[in-house]
Amino acid sequence: MTNVRSLIFSIKKQFTVILFALSNKASAEWDDLNMTQGATAISREVYDLHMLIFWICVVIGVLVFGVMFYSMYAYTKKKNPVAATFHENTKVELAWTIIPFLILIAMAVPASKTLQSIYNDEAGDINIQVIGHQWKWQYRYLEDDVNFFANLSTDLDEIYNKVPKGENYLQEVDEIVVIPVGKKVRFLITANDVIHSWWVPAFAIKQDAIPGFINTAWTIVDEPGLFRGKCTELCGKNHGFMPIVVKAVEQDEYDLWIKEKQAGAIALAELTEKDWTAAELVERGESLYIKNCVACHGPNGAGVTGIFPALAGSDIVLNNKTRQIEILMEGVQGAAMQSYAEQLAEVDMAAVITYTRRSWGNAEKGDGEIVVPKDIVEYKKAKI
Amino acid sequence: MSAVIENHHDDHHHGPAKGLKRWFYTTNHKDIGTLYLWFSFAMFLIGGAMAMIIRAELFQPGMQIVEPEFYNQMITLHGLIMIFGGVMPAFVGLANWLVPMMIGAPDMALPRMNNLSFWILPFAFFILLSSLFMEGGAPNFGWTFYAPLSTTYAPPSTTFFIFSVHIMGASSIMGSINVIVTIMNMRAPGMGLMKMPLFVWSWLITAYLLIAVMPVLAGAVTMMLMDIHFGTSFFNAAGGGDPVLFQHIFWFFGHPEVYIMILPAFGIVSHIIETFSRKQLFGYSSMVWAMLSIAILSFVVWAHHMFTVGMPLAAELFFMWSTMLIAVPTGVKVFNWIATMFRGSITFETPMLFACAFVVLFTLGGFSGLMLAITPADFQYHDTYFVVAHFHYVLVPGAIFSIMAAVYYWIPKWTGNMYDERLGKLHFWLSFVGVNVTFFPQHFIGLAGMPRRVPDYALQFADWNMVSTAGAFLFGFSQVFFLFIVIKTVVGGKKATAQVWEGARGLEWTVDSPAPYHTFTTPPKVS
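First to last, the protein sequences are chains A and B.
So the first sequence is numbered by this note's numbering: it starts at 1 and just counts up by one.
So the second sequence is numbered by this note's numbering: it starts at 1 and just counts up by one.
These are computed hints drawn from the structure, not numbers from a lab.
Treat the hints with care, since some could be wrong.
[Said to hold, decoys possible] Using C-beta positions, here's what the derived DEER-type ranges look like:
id, chain 1, residue 1, chain 2, residue 2, range
1, B, Leu-45, A, Val-58, 35 to 41 angstroms
2, B, Met-134, A, Glu-378, 16 to 22 angstroms
3, B, Lys-495, A, Leu-94, 42 to 48 angstroms
4, B, Lys-21, A, Ala-335, 46 to 52 angstroms
5, A, Asn-300, B, Gly-239, 33 to 39 angstroms
6, B, Phe-481, A, Asp-48, 42 to 48 angstroms
For each residue, glycine too, the CB sits at the ideal point set by N, CA and C.
From just these sequences and the hints, can you work out the full model?
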């Protein structure tokens, strides 16, 4: 007897140790296994709701499977050669219809309340328009006239396993969305081409970005921090490669950031006036090409047969500078080619076009003419 | 009886034709059932091979094996082939084999249409698969083909995809009409509706669902066709259309479609649990009512797939509540199965193992479904691997396990040979472990934030993706083993008796094993 007891005791002890070790490890990696609690009141409410429903399901599961496993264990043919003959019981059947219904109501009440608080469409302190493009996000701060595109900044070599992957592999962008803490920030979400979905788990915001529609979502972040999200609606080839990074900062830091952004835009506009040489434009254009064009047209301008036209050896790139400017400015109706008029400043537009005209042997095959920022300015003037 | 009729009667007693002609010209429900089952097995293996490509690419972060464009083609075709080529034809095949035998009918009511509804299917899938070799590649917009990704931005092969969906739809509608007409008109005397075996009930309801929603799918793809080729703007906001309209139409088809893929499974599992518990099914009439309620509710829950498209609060609340309601009849079914086992006299042959796994794992899928119904939480779950885990739990250890259970359960009746019990059990355990190792970790990576339909992912998801891929390959290879077991049983094995299983009830067990080419040419009497 004592033997059995001590055995049970030692098993219990072992079990506790293992459990403790597991929970230690688990708490460190808990975020890798469960929904985030997030950084806002709403996201915590959503997390609590998630855990509530989860535990209700666990309890129901234990009860239901408990009866099932017991039956499988206790009523085998060996132990119970003759089966019982009952096959109906109105009371029991009513009970297991009504009780689940009541449990569902218990779940629906808090869920409906949380949903109502999410659907609070009062105006925000700061309104940011979020526009999904294949495969980048555009952010437009409506009050402050700040406008930029955020592209994935993970190196292609990391993606293709040529160099080790960084800590924030596929979760880093070249332009971070900055918002102030403690303010109601409203996002007006739409798309330019196909449907995307703007998801930042820490805010419990996932809202589809639909061309022709504007959806809204809002957040109030309590503490400064960096929050990462992703596109969650299949939007074509690079759907997996258009992350979101939002940084919440104190108000004064935010004001400073807005000023810097505005100053940067002015500086970029001034570059239009500079006299550019072909070499300078090609140099500037290369990184822009990688950032904006490689996704479809490929690193060697070869495109993808049948979907994305090649730029290497293309007649337009070789000999028709006007048409090329027009395509970049207007996009191509009914195709994946979008308008870059807003995405690229005049100088960058000129640089990237010149880069394509001077690369992959295009310079030798075509007219080799370069495009300077003033050409873009003229195009814009002619349009007006 | 006059001599003329006697002669006519003799005419119909010849066996199957010889050679390939037998299969091309056949109007025999058993032959057509066999064709459907083999076809769905072939599609299951092709769709499975695509799943292996997907999982192999996801084994590690980074792009290794395929390019993102091809990856998207794989996820699209994997979904379409498994749903329309794997699960649905398998259930139609089972209906063909079993419905006439279960209701004591000599054949399906419309045998020539039966032949046609099968033989257009291979063409549909030939067209769909051939799009892989077209310029621009196969459809790459996911099996849900949301516009405008599937219209304005789609590869040229989309038109072929549209026609193949039309053919699949035509096949399904013809098959459903056949099932309904057969069940309504050809039941043996004495078999009232509430005396029908549950598999027959489940298919009657499924067939009505199919007739209701397949035309809706056909409408959706036709509108796509118009948008792509004839300058309309149904789904193009720039032309005054509405991309969200597509999703409403698609899911009005898509949600009943989900139940189309699970109701026949309910029927199968009910029979198997009853047989191996050696006890009459608990709550027959509540089973029927539960299936009917699920079918009716399935028409008013579609927008729970669209909680994030920006619907008004009232719509979100309505679809949340209506979706949660489905848990009630589904719960009733699970409770009934368990009550059937309770105080039964149970043995665990392979079909019973699959059926028990079905009850547990389908219920797990039901739990995650309930979680997904909670709109605010769905904002976090939507379009992540949590959803992938959820619907694979209801489709793989749900629908597909029920099909495997059905094959083990009825194959002695079809072939006259018993399958190898040892191998069957091994196949079960490999599949059971494989399926859970594959899909259970996907709950974790989904909750932790990995979106679905991505060819590459952030580093924190690496461990569980690796586990999931290992499970997927285990599951995949187990199905090649299943193929071997089936072929081995077709070729030979211990001879089966007519009764086959000690506890089996129903008319199909009253005929010889293998079932003669023509059964019930004179209807049996059901008391």
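With 16 to 22 angstroms as the target window, see if Met-134 of chain B and Glu-378 of chain A comply at their CB atoms. violated, 42 angstroms
Is the gap between the beta carbons of Phe-481 of chain B and Asp-48 of chain A within 42 to 48 angstroms? Between Phe-481 of chain B and Asp-48 of chain A, where Cβ atoms are some 45 angstroms apart, the hint holds.
Mind checking the hinted window 35 to 41 angstroms against the Cβ distance between Leu-45 of chain B and Val-58 of chain A? Given range 35 to 41 angstroms: holds, Cβ gap about 36 angstroms.
Range hint 42 to 48 angstroms (beta carbons of Lys-495 of chain B and Leu-94 of chain A) holds or violated: holds, 47 angstroms
Lying within 46 to 52 angstroms: is that true of the beta-carbon distance Lys-21 of chain B to Ala-335 of chain A? Once the Cβ atoms are compared, 50 angstroms apart, the range 46 to 52 angstroms for Ala-335 of chain A and Lys-21 of chain B holds.
Quick check on a hinted range of 33 to 39 angstroms for Asn-300 of chain A and Gly-239 of chain B, using CB atoms only. holds, 36 angstroms
Consistency with the previously given hints fails for number 2 only.
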